[in-house]
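Below are the chains, spelled out letter by letter.
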Amino acid sequence: MFDTNLVQNVLEGIFSAAFLASILRVTTPILLPSLGALISDRAGVINIGLEGTMLVSAFTGVVFSAYSLDWFGESTGRLIGPWVGLLMGVVLGVLMALLLAVFHLRFRANIILSGIALNILGSAATVAIMFELTGDRGNTQGNLRSMRMPFIQLPDFLGDIPVVSFFFRIFDNQSVMTWIAFIAVILVWYFLYRMPTGIHLRAVGENPEAAASVGIRVTRIRYLALALSGLLAGLGGVHMSMGYLTFFQRDMTSGRGFIALATPYLGGGHPVGTGLASLVFGFFDALSIRVGSLEIPSQLPQMLPYMATVMALVIYALQSQLAARVRTLRSAEGAGFDAAFWKAIRQLSVLHMFMAMLAVFGIIISIGMFAAPDGFKGPERAYPLATIIGAISLLLIVLNLPFMLKVERIGAHVARAAAVAILSLWVYLGILFDLMLYTTTLKDLALILGFGAGLVAAAAIWLALGGYYLLTGHRRRAPVPA
Amino acid sequence: MNPRRSLATRSGGLLVLSVLIGLLLLLAISMRVFGITASMSLDEMRGAIQAAPDYGAILLVNALIGVSMMLMIYELRWDALRVILTVAVALVFGYLMTAFFNLDAANRLSSGEFRVNVVSDVGPLVDIYYGDRPSGEFTGPDADEPLTEASYRFAGSAGDVLTIMAFAEEEDSPLDLQLTLLGPDGEAVAENLDASDEQRQEYRRQLESPGDAILENIELPADGVYTIVVRPEPQSEVQVGEFNVRLDTDAPSPIDFTYNQPIGAVFNAPNVDNPLTEASYRFLGRADDRVSVLAYVFRSNIEVDLQVELIGPDGSVLGQANDSTEEQRATFRGLLQRETDAALEGVRLPEDGIYTVRARPEPVGFGTKLSETVKATNKAYNAFLFGPLSRLNRWVTWIKDAITLIMLGLAIAIVFRAEQFSLGAEGQLYFGALVSGVIGLSFGEIPKPVLVPLALLSAATAGFLWGLLPGALKAYLGANELVSTLMLNTIAMRFYEMVLTFELQPPNAGYTASDWIPDNGLLAPIIDVSGDQVTIAVFILILIVLFAWVLIRRTPIGYEIRMIGANIKFANYGGVNTKRTIMLAMAISGAVAGLAGAHLALGIHRKLILNISLGMAFEGVVVALLARNNPLVVPFTGLLYSYLRVGAQFMERDANVSSEVVRIIQAVVILLITAEALVTFVQRRRRVRRDRLSSDIQPSERLMAAPPQPPA
Numbered sequence: 001m002f003d004t005n006l007v008q009n010v011l012e013g014i015f016s017a018a019f020l021a022s023i024l025r026v027t028t029p030i031l032l033p034s035l036g037a038l039i040s041d042r043a044g045v046i047n048i049g050l051e052g053t054m055l056v057s058a059f060t061g062v063v064f065s066a067y068s069l070d071w072f073g074e075s076t077g078r079l080i081g082p083w084v085g086l087l088m089g090v091v092l093g094v095l096m097a098l099l100l101a102v103f104h105l106r107f108r109a110n111i112i113l114s115g116i117a118l119n120i121l122g123s124a125a126t127v128a129i130m131f132e133l134t135g136d137r138g139n140t141q142g143n144l145r146s147m148r149m150p151f152i153q154l155p156d157f158l159g160d161i162p163v164v165s166f167f168f169r170i171f172d173n174q175s176v177m178t179w180i181a182f183i184a185v186i187l188v189w190y191f192l193y194r195m196p197t198g199i200h201l202r203a204v205g206e207n208p209e210a211a212a213s214v215g216i217r218v219t220r221i222r223y224l225a226l227a228l229s230g231l232l233a234g235l236g237g238v239h240m241s242m243g244y245l246t247f248f249q250r251d252m253t254s255g256r257g258f259i260a261l262a263t264p265y266l267g268g269g270h271p272v273g274t275g276l277a278s279l280v281f282g283f284f285d286a287l288s289i290r291v292g293s294l295e296i297p298s299q300l301p302q303m304l305p306y307m308a309t310v311m312a313l314v315i316y317a318l319q320s321q322l323a324a325r326v327r328t329l330r331s332a333e334g335a336g337f338d339a340a341f342w343k344a345i346r347q348l349s350v351l352h353m354f355m356a357m358l359a360v361f362g363i364i365i366s367i368g369m370f371a372a373p374d375g376f377k378g379p380e381r382a383y384p385l386a387t388i389i390g391a392i393s394l395l396l397i398v399l400n401l402p403f404m405l406k407v408e409r410i411g412a413h414v415a416r417a418a419a420v421a422i423l424s425l426w427v428y429l430g431i432l433f434d435l436m437l438y439t440t441t442l443k444d445l446a447l448i449l450g451f452g453a454g455l456v457a458a459a460a461i462w463l464a465l466g467g468y469y470l471l472t473g474h475r476r477r478a479p480v481p482a
Numbered sequence: 001m002n003p004r005r006s007l008a009t010r011s012g013g014l015l016v017l018s019v020l021i022g023l024l025l026l027l028a029i030s031m032r033v034f035g036i037t038a039s040m041s042l043d044e045m046r047g048a049i050q051a052a053p054d055y056g057a058i059l060l061v062n063a064l065i066g067v068s069m070m071l072m073i074y075e076l077r078w079d080a081l082r083v084i085l086t087v088a089v090a091l092v093f094g095y096l097m098t099a100f101f102n103l104d105a106a107n108r109l110s111s112g113e114f115r116v117n118v119v120s121d122v123g124p125l126v127d128i129y130y131g132d133r134p135s136g137e138f139t140g141p142d143a144d145e146p147l148t149e150a151s152y153r154f155a156g157s158a159g160d161v162l163t164i165m166a167f168a169e170e171e172d173s174p175l176d177l178q179l180t181l182l183g184p185d186g187e188a189v190a191e192n193l194d195a196s197d198e199q200r201q202e203y204r205r206q207l208e209s210p211g212d213a214i215l216e217n218i219e220l221p222a223d224g225v226y227t228i229v230v231r232p233e234p235q236s237e238v239q240v241g242e243f244n245v246r247l248d249t250d251a252p253s254p255i256d257f258t259y260n261q262p263i264g265a266v267f268n269a270p271n272v273d274n275p276l277t278e279a280s281y282r283f284l285g286r287a288d289d290r291v292s293v294l295a296y297v298f299r300s301n302i303e304v305d306l307q308v309e310l311i312g313p314d315g316s317v318l319g320q321a322n323d324s325t326e327e328q329r330a331t332f333r334g335l336l337q338r339e340t341d342a343a344l345e346g347v348r349l350p351e352d353g354i355y356t357v358r359a360r361p362e363p364v365g366f367g368t369k370l371s372e373t374v375k376a377t378n379k380a381y382n383a384f385l386f387g388p389l390s391r392l393n394r395w396v397t398w399i400k401d402a403i404t405l406i407m408l409g410l411a412i413a414i415v416f417r418a419e420q421f422s423l424g425a426e427g428q429l430y431f432g433a434l435v436s437g438v439i440g441l442s443f444g445e446i447p448k449p450v451l452v453p454l455a456l457l458s459a460a461t462a463g464f465l466w467g468l469l470p471g472a473l474k475a476y477l478g479a480n481e482l483v484s485t486l487m488l489n490t491i492a493m494r495f496y497e498m499v500l501t502f503e504l505q506p507p508n509a510g511y512t513a514s515d516w517i518p519d520n521g522l523l524a525p526i527i528d529v530s531g532d533q534v535t536i537a538v539f540i541l542i543l544i545v546l547f548a549w550v551l552i553r554r555t556p557i558g559y560e561i562r563m564i565g566a567n568i569k570f571a572n573y574g575g576v577n578t579k580r581t582i583m584l585a586m587a588i589s590g591a592v593a594g595l596a597g598a599h600l601a602l603g604i605h606r607k608l609i610l611n612i613s614l615g616m617a618f619e620g621v622v623v624a625l626l627a628r629n630n631p632l633v634v635p636f637t638g639l640l641y642s643y644l645r646v647g648a649q650f651m652e653r654d655a656n657v658s659s660e661v662v663r664i665i666q667a668v669v670i671l672l673i674t675a676e677a678l679v680t681f682v683q684r685r686r687r688v689r690r691d692r693l694s695s696d697i698q699p700s701e702r703l704m705a706a707p708p709q710p711p712a
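These protein sequence lines are chains V and X, in that order. Its first residue numbered 1, the first sequence is counted upward by one per residue in my numbering. Its first residue numbered 1, the second sequence is counted upward by one per residue in my numbering.
Bound-form chain V, shown alone (with noise of 0.2 Å):
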């Protein structure tokens, strides 16, 4: 269907150290936020307006290293205007939080309304004030003379090791903003888990009445929460206008901000897991401005992070759920509950739903497909490739609902679900690594290769996710009760 060439160049830039140092770029202003959001979030005050929160200090940042210029001079302010524009942008953005923390917390405002209005707020005013600073409305390119915050240079003999060279490339000459976002994971996950504070945040977010109870100001950990949202998505904002670009565009941010209230759900709400969700949605936007080169739609990829987002949300959702009902059987059974058996059945039960959700994607590619086949090379090359992708979708579908509905089907009908579970994964894998094999010299025997590797893997990874202790471990003990 698509000029082989092209798949092949489009692919190799898919797997290369340039396209996962792209990630990383990508990756920093949905991470910055998303750690924001994890904060507000643990602490039981979802900040919704950390879009709007973005934009104000996008634009402070781009205002304020423009007129360090005309205050300190050009030399000077060369030097420090972008860390100017850096320290106004948060300290904006914690204002923005702050006021959000004033309306909730002190006039009982509802959080999620008065996010909404902090959004329009900042999309707003920073739109009403770049017109009255520069006359233009769409962006400020060549009416402030924005600065770029620096990038780091790694040393250079580390490009001369041979295994050591391919990371050199991914992380020389990125952004001190990547750096920044990078190590604020290790700090926010330092702050949440082994200081007081964080640990009393995570408290009040459990249970507010509990914790002021036990003398936990509650009030005031929420103001230091949403504060230090404000603080995380001020610098993303920066990044935004700052990081590679030297000017504010209008709605920049396009929804970063509201990824980012999805991407501590994708990771479990643990900052590392927000970490490797907000890398997770940094790949498919690398992704849809690679695949933009490929003749399809540019809005199919553009869709896909936001796609898994709502099925990161289920998955999310579903998983809560079924560890809730753990914890439940976890007590009703005392010492008789089987707690490696119900690990694996958790972990399979992923492993399940996210084949389904991947299945899903297939569906919505393939009603795209239909929708507008003259994005696709004509109705008659698209529609049966459609109704191929929409088939496998809708088996795979089919397949791994039963499992995801009632987990205990996992446990119970270990072979069936197996060979569901493998098949699905096998599906997936062997068209990854053929399309992995096809870039090297090993061209021909891709598919063979490919859909071999795939099957192996399929079942290593069943297997590690718990289906050894089902085949095994499990037997020697007694049948639990439905």
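Just so you know, these hints were derived from the structure itself, not from any lab. It is possible that some hints are incorrect.
Taking lysine to any residue pairs in the SDA-like style, the calculated list, with each CA pair at most 25 Å apart, reads [what the hints assert, rightly or not]:
1) 607(X) <-> 371(V)
2) 579(X) <-> 323(V)
3) 375(X) <-> 321(V)
4) 377(V) <-> 511(X)
5) 569(X) <-> 321(V)
6) 379(X) <-> 391(X)
7) 579(X) <-> 477(X)
8) 579(X) <-> 469(X)
Just so we're clear, the structure is a prediction, and the values are computed from it rather than from any experiment.
Dock chain X against chain V, hints included.
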């Protein structure tokens, strides 16, 4: 309170009051729209009304606006005051904001393009300046306008080193030129007949003919007016031909302009890169010449207030002027146009020498600045507050916009009633617009009475399904509806874009949009003001309002929605199937939002365009919040908010104030409306001040009363 009694008080004075206020609103709007004033006679009024197209329908819509006001007062009672008050506070905030943006209004008095001119009967004293390159053509003594010798005067100062060239236009021309430089006293300073070979080599780009002449590196002996004389060598055979003269030097010109030659620049705002707030121009003056120094604006849209000074060769100020009189404007017709231009008339120059004209904007005092700001803000706010009623087509714009907004407000009111913070209306709107648009586009041959209901029904179904999805996720899986709807919105928008770009856009179309929807697919107009139409969507809207009201107030499911909204745990214990109800509430809201999309496609744009909605769902949130999620109040708040939205567009157009101000107002409205404790906070502040001694704040009050938890 006794419900029967409350009903009695309601239906008594309140009803009369609300009907009266509704009637007043009807009257006020109709008068402005039809352009009726109180001083008109009845016949004139009738004439004015009948002059408008479809005046009956216009009156009907105005009556509906009155009814919406009535309903608002009747339903909200004292809360109505809070709604009005909130909007008023937000408007005041917006006024301050607009004033802030207009702080530079006085800048127009100190920036803009201007000209300076020294008018004299004498005529120009010089012809060229350093660096000029005049040219001409010798025509011989027998031509109609004979030119056998050209002379150019310029002002030079002692010590300047000049290179003067005279050369024929064409290469290897037979024209043989002679170049003479005369000093201020008329004596020849230097003369040249032909350039040497070295000079011709050095200046080969100019001196291309053997007869060209050059005076290289001449140092001027004194200040004064020098004259360059160029003529063909008398003994030469060729006496006609085009020639060029160059006066090159590195030295700066001693003067900028001369009598009767206007010169000018642009005074700009003080915060640009190269500010210009004062301009000085030098000219050569002769003793006893009578001159008038003028500084004036020559473009009609520039209002800079100028002042001008004339400074003598010795640096003394010879005269200064701030304004021009009527007679002066008559004398210098074509130059001076307004009173703020400056004219210094009839100055006799005391001596020969270089004079300076200094022009600058008149300094603007703080009072002027303030009054200019207030004036500009008032002008902007006038356009903002009365713009939508100023013309009939603007009124139509308002009504069209309001219909969409009310539909969205109703959609959001339904979900918010169940305390579900779904923002999916945007995506549902896109799907509604897409589905209805596609049906309208592809089945144009089906008669209107079948096609339009079919399209509307499909739009509602599409919205319903797109709302069902997050509803099911929320109800059965507990997936955060806010995040999921936001994500689904983007997916819907991208999907819409994809179908529009690759399927619906006609080939060779300049921009991304579908064809016009055929007439059978469009909503029928009831008001048509030269192409701007209000359609039967008005009646569809009434049906939707009634539906939403019946749904929430008069059906079991509405009761369940309200119960869930009040307390979901209680509803659960009370036997409500909360999951099903939550899912249905979100889906029904989606159906209404889908209809809003259909209205956009079939009623307003009449085709599918990119970015058909641009974040209107968030505006729907304001509408629903202002209405306290009450379907009967939504029409009024929708009209009110849409009025501000449309007004802001006219403010931007008429007064050049960013229409984003209205979105800032929107944010303030949301914050003020949702801040439940703001009223009590203000009250308590007052009380605390009153009994400062007996501090009555309980320590326990400062602890968090747990706010509603966002569902994990």
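Which numbered hints does this structure break? When the structure is compared with the hints, only number 3 turns out to be violated.
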